[in-house]
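S.K.: Sequences are here, hints too, so could you generate the full structure?
Going down the list, the sequences are from chains B and Z. Start counting the first sequence at 0; every next residue gets the next number (numbering that gives the first Met the number 0). Start counting the second sequence at 0; every next residue gets the next number (numbering that gives the first Met the number 0).
Bear in mind the hints are in silico, worked out from the structure with no lab data behind them.
You can't tell identical chains apart in this list, so a pair holds if it fits in one copy or across any two.
The calculated lysine-lysine pairs, modelled on DSSO-like cross-linking and capped at a C-alpha distance of 30 Å, are:
1) K96 x K23
2) K146 x K23
3) K164 x K23
Number of protein chains: 2
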Amino acid sequence: MNAVPHLITALSGPLLELETHLLKHQTIIEGWLRHQWLDTPAPFYASVDLRNASFKLAPVDTNLFPAGFNNLNPGFMALCIHAVQSAIERICPTAYKIIIIPENHTRNLYYLESLATLSNIIDLAGFEVKIGSLQHSEPLSIALPSKQNLTLYPMTRKKQRLVIKDQDFDPCLVLLNNDLSGGRPEILENLEQDIAPPLHFGWINRLKSNHFFEYKQVCQEFSQLLEIDPWLIDPLYRNCGEINFMKREGEDCLVRNVETLLDAIQLKYQQYQIKRPPFVIVKADAGTYGMGIMTAHSTDDVRQLNRRQRTKMATNKEGNNVTQVIIQEGIYTDETWGEQQAVAEPVVYMIDHFVVGGFYRIHSQRKSNENLNAPGMSFQPLAFAKSCTIPDRKQQANAQPNRFYAYGVIARLALLAAAREIAYH
Amino acid sequence: MNAVPHLITALSGPLLELETHLLKHQTIIEGWLRHQWLDTPAPFYASVDLRNASFKLAPVDTNLFPAGFNNLNPGFMALCIHAVQSAIERICPTAYKIIIIPENHTRNLYYLESLATLSNIIDLAGFEVKIGSLQHSEPLSIALPSKQNLTLYPMTRKKQRLVIKDQDFDPCLVLLNNDLSGGRPEILENLEQDIAPPLHFGWINRLKSNHFFEYKQVCQEFSQLLEIDPWLIDPLYRNCGEINFMKREGEDCLVRNVETLLDAIQLKYQQYQIKRPPFVIVKADAGTYGMGIMTAHSTDDVRQLNRRQRTKMATNKEGNNVTQVIIQEGIYTDETWGEQQAVAEPVVYMIDHFVVGGFYRIHSQRKSNENLNAPGMSFQPLAFAKSCTIPDRKQQANAQPNRFYAYGVIARLALLAAAREIAYH
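M.R.: What follows is the structure, encoded as structure tokens:
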């Protein structure tokens, strides 16, 4: 296992209490989660971006088509293998061959390294795995910086089955690693093979507000069980109707909601004696990749957008227009790393309902109230040194294994929200 | 993760070929095993003693109530936790509370350390766990050398339920870690709670010859699939009818079978040009703990047993009489460790159908044709440095991760034999 530097975090008051509380109620938490997975099975995989504001720990984004597997600690490989075996046994117990449908950005070497790691995990789990391409008509081999070689294969349909073109490869399971921001490709419709996660998990069908609606409900139940204030783990949010940033349509509704939300956060800050200014994040309701995202500390920040900022907000990944936004309570990131006090944001990875690891996005040029997952950003990944499944009650509540356990719990609450989102929306 | 010294092994010819073969067919092997677990689910847990003779790799004992969890690499804890969660989800998905029924030898600190580790794994997997005692009427707390404290609780029946006496602890699942060599305790009969593994897995009902009968069948199927000689992974065996060592009854049958088996091994040795003398192991058909075990290189070794040796052979753990024996092909242990060339025998641990780790029994006073798991023996445990689930095809077939993968495959074949033994006998 690689040695990984320790994370230096500032931690105080309510969050330490929360971590202590989670640690103390581990059996109840795990039992409750087990029951939840029986009702709504976990998605095939997910990554959850968390923000740790020392007084509050909450998810800000749940990705059902995770990349970044290459950033995980190689020491967790065996965990990933177990979890993939469990997931596939549940979804498609007779599967031998698996095809991965990746994102289309084949020039992004970071993404391709993640794809290679994901493919390795499935291969080592004992499946024959190939990567399909929605773009190429000939096989494309790419040499990666990690010295691995990745081949993308063109795909075709054989009646209701998706197969690799010109090869004897007829998979039992189609594993989506494409968030379908660009729509649902015709070639994937009405397959007789199982698709995991299902097509309707893609961003073309998904809304962040649905996710956080379910997350709120999950937090209510969880908080009742543990007798905590749900706000400690749940970011407040509002959503608007139709918005056109370029034509400034729907702006009044946006401004009104930003104001309402800032007031609501301020009230909670007063309750917990937090002396910092509240802020909100405005982002596209359907979409990912940190595009169309802005921070607002006041309604003026929304009213006074210049043309360039409006254009940025109006466009999503794959060039789609943003017509709906979600306004979410901004959560300060109080975790810093190294002498430079670089801002660090934990990302937790799950396969099936198992936490398999995570890493920190570390960014020295960003502030604690900014989004760290933005296009073109150059974060440093810092793999979690420990797994998120082994709390150590003999150590302090904020000791590393216990901090990671808390991350794993909150990430799984977001995973449960995703499971319900899929089942109910 | 603790650093663990490397194992120095002498390896040549057929086994290297076998390891290469297993590595090359990983996907087929894993797919085949997945199908097998659908037909006959794996036992809750097991440990398998392997012997590696450089020309042959085979199990010699399969323990369905494993101890020695404390000898596993602490770095594999997360794997154990995942696997326990999978096992319990399958057997008893609504379980919250679990009671462990341990062996009765509460003065064996090695066993108690294993029990503490097993209990920790289940606790960390998110279950409330207590250890029951079949012997004590009051709770008994024991301080362990590892600084942990273990409490054994007296149990009682509430109608058809097993509960902890004087405590509000009514478990959903009863986990047996007692091999029932001494019989089936009345208190465990006709429970409405699930018992895992089931009572009839105990040595009072189990016969080694049934296990190796099923193992032979498993090896036939596996060898056909992979086109190998099943003998490379399967120890030949014979069994006798009733034997009374003290009265020398049944001795002729024993001698005849020893002779037949030695001849059969000699034939295989000639085929593979192995220049060593064949030997057999005679052991109790029902029983464990390496009692009632002898090595024989000729029929004379059996005929010329002295009174002390006869007494030893005639008595089993818990003082039961040995009346049936199995005669098994002896497998040289060719793995040695350190400058002393101490003999090393791998033991592989599985929970559900997942390999979760293993260790080497290392014994500097024993020879390569002797049993390393004997009462009073003082072996040095050497935890596997790597998991058995991550072969590395870029390295040589006998590189450490690949050797461990081969161990994991053969151990799972024995696990499958146990699953069938349970289902069919």
